[in-house]
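Given chain V, work out where chain F should sit, using these hints.
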Amino acid sequence: MLELLLAIGVAGLATLASRMLPFLALRRFQGHPLLRFLGEQLPAAIMTILVLFALRRLRPLGPELTLNMTAEGVPLLLAALVVAGLHLWRGNVLLSIAAGTALYMALVQNLPA
Amino acid sequence: MAFSLAPWRQAALLTSPVMLGYVPLGIAFGVVCVQMGYPWWVAPLMSVAVYSGAGQFLLLSLLAAQASLTEIAVASFLLGSRHLFYGLSLLERFSGAGKRKPYLIYALTDETYSLLTSHPDAEQAAMAFRVSLLNQLWWLTGSVLGALLGSALPFDSAGMEFALTALFIVLTIEMMRSVRQARPFVVGLLCAGAAIYYLPAQHVLLVAIGGACLVLLADYARQRRAP
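Here the protein sequences line up with chains V and F, keeping their order. Under the working numbering, the letters of the first sequence match residues 1 to 113, in that order. Under the working numbering, the letters of the second sequence match residues 1 to 227, in that order.
In isolation and in its complexed conformation, chain V is listed as follows (with noise of 0.2 Å):
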C-alpha cells in the first residue's frame, strides 16, 4: 500500500513539475525554435509510442497462419481498427472511444470458451 501511494505521489509531482516548468523557468526560452519544434513533434511520438505499448501483446495470427481469436488477437486488431476508422471518419472523441471499447468487451465476452 505504501508503495502504490508513493508511485501515486510520484506521478502526481512529476505530472505537476512538467505543468509548473514553463512558468517557473522556461519565460526568458519563450518562442525559441528547439521549444517550438520539440513541442509539436515530441508529443506526436510519444502518442504513437502509448499506441504501440498499449498494443504490445497483439497477436492477430496463431501457429501455421490461422486466425487468434482470443483477447489478443482479432478482437483487439478490430477494436483498435473500428477507433481509428471511426475518429478518421467523424472525428467525435467519445464516439470512437465508446464504440470500440463497446465491441471489444463484446467480442471479449463472447469468446468460445
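Please keep in mind that the hints were generated in silico from the structure rather than gathered at the bench. Computed from a predicted structure; not experimentally measured. Each residue gets a CB set at the ideal place from its N, CA and C atoms; glycine is no exception. It is possible that part of the hints are untrue.
Chain F stretches covered by chain V per the calculated footprint, using a threshold of three residues with CB under 8 Å from any CB of chain V [unchecked claim]:
no., stretch
1, 13-26
2, 43-53
3, 131-140
4, 159-167
Calculated Cβ distances over 10 Å to all of chain V for the following chain F residues [to be verified]:
no., residue
5, A6
6, L149
7, Y198
Relative to chain V, chain F alone:
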C-alpha cells in the same frame, strides 16, 4: 462581491463537451482501477494527485508492469512534457491571474487548454478558473462513479481496459491532424517497435520515449546545420 450563479452557469455550458468526455472516461478509469484490485478511493485520489487522463492510465500500466519509481517519474514527466508547451503559450495570460494562478497551472489538462485557448469568454482569469474547476469536477465525478460501479459490478466489465488503448489511438489521430508531418510518428513507431521487441515490458516506455527524444533532437541539430 456577492456570489453569483450566472457565471458558473456560463462555465458549465462552456465545459459541457468536456463533461461528455470526462465523465464516461473517468468511469472507465475508475472501473479499470478497481478491476486491478485497488480499493475504491485510489481512483479519486489519482484524479486529484495526478489529474491527467493519459497520465493516470499510464500510471496503471506502469504499476501493472512493476516499473520502478524512477521510471514512473521519468515516464510521467515526459508524457506531461506536452504541458510545457501549453504553459509557454499561456505564460502571459496567466500572469494576471493572481491567487487563482497555482490552480490554473495544476489543472491544465489537454481539454482545459483547448477550451481556454478557443473561447474568448474564458480569457478572463475568473472564468478560466471556473472552467478548470468544473472540468476537474467532471473527471472526479466519473472516477468516483466508476470505482463504486466497479466494486458493485452490476455488469460484466471485462474488456473495459480497452478504453485506454482507444484514448491513445484517438489522441494520436488528433495529433496527426494538427502536426501534419510524418517524421515524429515514424520516429515514435520505430523507437516503440524496437523497444517492445528487445526489452521486457517495464522498460519499454522509458527507453522508447528517451530514444525518440534523442532522435528528434539530433534531427533538429541536423536541420539547423543544413543551409
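Between the stretch 159-167 of chain F and chain V, are there enough contacts, at least three residues with CB-CB distance under 8 Å, for the coverage claim to hold?
holds (count 8)
Checklist entry - How about the stretch 131-140 of chain F: do at least three of its residues have a C-beta closer than 8 Å to a C-beta of chain V? => result violated (count 0)
**OP:** Take the stretch 43-53 of chain F, compare each residue's beta carbon with every beta carbon of chain V, and decide whether three or more fall closer than 8 Å.
**Re:** holds (count 6)
Point to revise | chain V versus A6(F) - minimum CB to CB distance exceeding 10 Å, so not interface | key: holds, 28 Å
Assertion that L149(F) lies outside the chain V interface [Cβ separation over 10 Å]:
holds, 14 Å
- prompt: Do three or more residues from the stretch 13-26 of chain F put their C-beta atoms closer than 8 Å to C-beta atoms of chain V?
  reply: The restraint on the stretch 13-26 of chain F holds, since 4 of its residues have a Cβ under 8 Å from chain V and three suffice.
Check your understanding: In terms of Cβ atoms, is chain V entirely out of 10 Å range of Y198(F)?
Key -> For Y198(F), whose nearest Cβ neighbour in chain V is about 12 Å away, the distance exceeds 10 Å, so it holds.
Consistency note: the structure conflicts with earlier hint 3 alone.
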